[in-house]
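With these hints in hand, go ahead and build the complete structure from the sequences.
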Amino acid sequence: MPSTTLFEKLWDEHVVASPEGEPTLLYIDLHLVHEVTSPQAFDGLRLNGRTVRRPDRTLATADHNVPTDPISTPVKDPVSRRQLEALEENCEEFGITVFPRGHENQGIVHIIGPELGVTQPGMTIVCGDSHTSTHGAFGALAFGIGTSEVEHVLATQTLPQQKAKSMSVTLKGKAPEGVSAKDIALAIVSRLGTGGGAGYVLEYRGDAIRELSMEGRMTICNMSIEAGARAGLVAVDEVTIDYLRGRPGVPQGIDFDEAAARWRRYVSDDDASFDNEVVIDARELTPYVTWGTNPAQVVALSGRVPSPDDYDDADEKAATARSLAYMDLTPGTPVRSIPVDVVFIGSCTNSRIEDLRAAAHVAQGHRVASGVRALVVPGSHRVKRQAEDEGLDQIFLSAGFEWREPGCSMCLGMNPDQLQPGQRSASTSNRNFEGRQGRGGRTHLVSPVVAAATAVKGRFATPEEVTS
Amino acid sequence: MKPVRVLEGRAVPLERSDVDTDQIIPSDWLKRVERTGFGRGLFSEWRDDPGFVLNDQRYVGASILIAGSRFGTGSSREHAVWALMDYGFEAIIAPSFGDIFRNNSSKQGLVIVQLPSSDVEELNALIREDSTRLVVVDVDDLRVEVPEAGWQRTFSLDPMIRERLLNGWDDIGLTMRRESAITTFERGHVSPTLTGVFDHEGHALAQ
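Keeping their order, the protein sequence lines are chains W and P.
With my numbering, the residue at position 376 of the first sequence is 376, and numbering never jumps.
With my numbering, the residue at position 101 of the second sequence is 101, and numbering never jumps.
It cannot be assumed that every hint is accurate.
[Unchecked claim] Partial selection, computed: residues in chain W whose CB lies under 10 Å from chain P: (1) Asp29; (2) Asn48; (3) Phe94.
No wet-lab data here; the hints were simulated from the structure.
Glycine included, C-beta positions come from ideal geometry on N, C-alpha and C.
Structure (structure tokens):
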């Protein structure tokens, strides 16, 4: 048998039909649903008299739109409230398990899948959200889809798909102390560019990836889409298996060992070849900050804001000038001297327990700089409860951070957590697009520890500047 | 979906690269549960600017958008496609597109024409020179042209997407013809389900 990549194994195991001249029909093992990209899909089903083929492979949660105020506060915005109600009604009607706002299992869809153990190696997983790539950290083929495709999966549990090409992204060597998974992710996006991964499934490999926890690997896979790739993968190893053991969705006891033996197959063969290969030297990485309006516009925190003159390409020059104008930045400014108004620690990229621990460790015993608003939004109720059990909430609160209820929150500014026009944020989320966090808002993407240090200093800073 | 064979209309040059779906339709618009009415939200952060190209009287009523590289990257929101179509666009011409956006477009009948950037630049120049020039996008012949200027290029489309556009086929209906193949696959496929994981209120049965 020829050696195959992890992607090819996952693909081959899910081919329902590959009719001549048509896209392959791919089986979907798990469909995650949230309130924003599903109501029109459920409407489509009703309109055509169709049902949900596999409610037992469909799981829904409220996340994008939920306010992060105390759960006892009603949802004030009537349009948001209506959408949250529609999710519950649709799930009730079609027999789907749903975690509404305030439910013990509710949270950001890409946080809860893994933490409940319903995300497992070898699966195909889709969701009407581009950050579905997160689940690829488990050796699962996971990608974001649009609402028409949501409807298609609800009705048929399959998707017609063109097979993507494969790209290995190897992080060679060990990342230096102080470099987090988020910094690795930003380095990858910067290297590939926003379109470099288009048409590919990325497989992250190398020492610096193997050394990461599952949560760190999820952060990396999460941002695959920022490089244009619909999916990212990390091969299964003992870190994967240890993470899954004991979670509600996985088999228990001896059945778990059987499942684990099956999961260990989800790796690329040693001599498998990829359509494209990229190598990044992890030893050269450092904490990063985005300076512009797309996530490939990355600079070292120790560096300076670039200039349009740094680029030869006319398009790139113009795009840089436009980004700088929007961000209100002057070329040559040291990143460390840029003040921020808001710090956001949250999102499907960085709101897991390890993220919160790392940020709390930096914030402990310090105060958020005056004039800075700092929010911590745990990714799920489970993360929130665990953080509270560990006393992280008290560390954040006494340092002057807000400790809020779970949801997507300021990552995309659908709920009331938004930047005001002209405000500048340091954000642990994944997109620094114009207006993403609120109309006229200016977003800089950073890791959780940089976010915490920046909150304390009131300008971009690394943890050493706070703790020393 | 309505069948699409030949589109003919005026075009508008956007002349910006990296226009992500957040910029096509900001998240504030995503709270709606309807599928219509998104046209008002199209590029809404730019619409207040009198200098924005969609506010230029010469381009009012254009049905073809000429965009820059990497159009429609980012969020998977199909609302971006609904907004473009609700506003009146029937085709987007650009050097490259976000993968999910391209997929979403094909489901709604929004025609995606990918041309080399030099061709897109030539087309932009032709339209800037005379905004009344008609652009023809022929899905059957895979051709885009500005007949009045004698300018013509071919483009490629996934054969199945082309077929579906030409016939207005519903994807789900097409897949449902394979019902027996899906059932057969499910019988032989080993993969866990959510059965027994949660009770009827969504509480995890194993903690």
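Structure-based check of each hint:
Satisfaction of the interface hint for W/Asp29 is found here, the shortest Cβ-Cβ separation to chain P being roughly 4 Å, below the 10 Å cut-off. The restraint placing W/Asn48 at the interface with chain P holds, with a minimum CB-CB distance near 7 Å, inside the 10 Å limit. For W/Phe94, the interface hint is violated, since its Cβ never comes within 10 Å of a Cβ in chain P; the closest pair sits about 14 Å apart.
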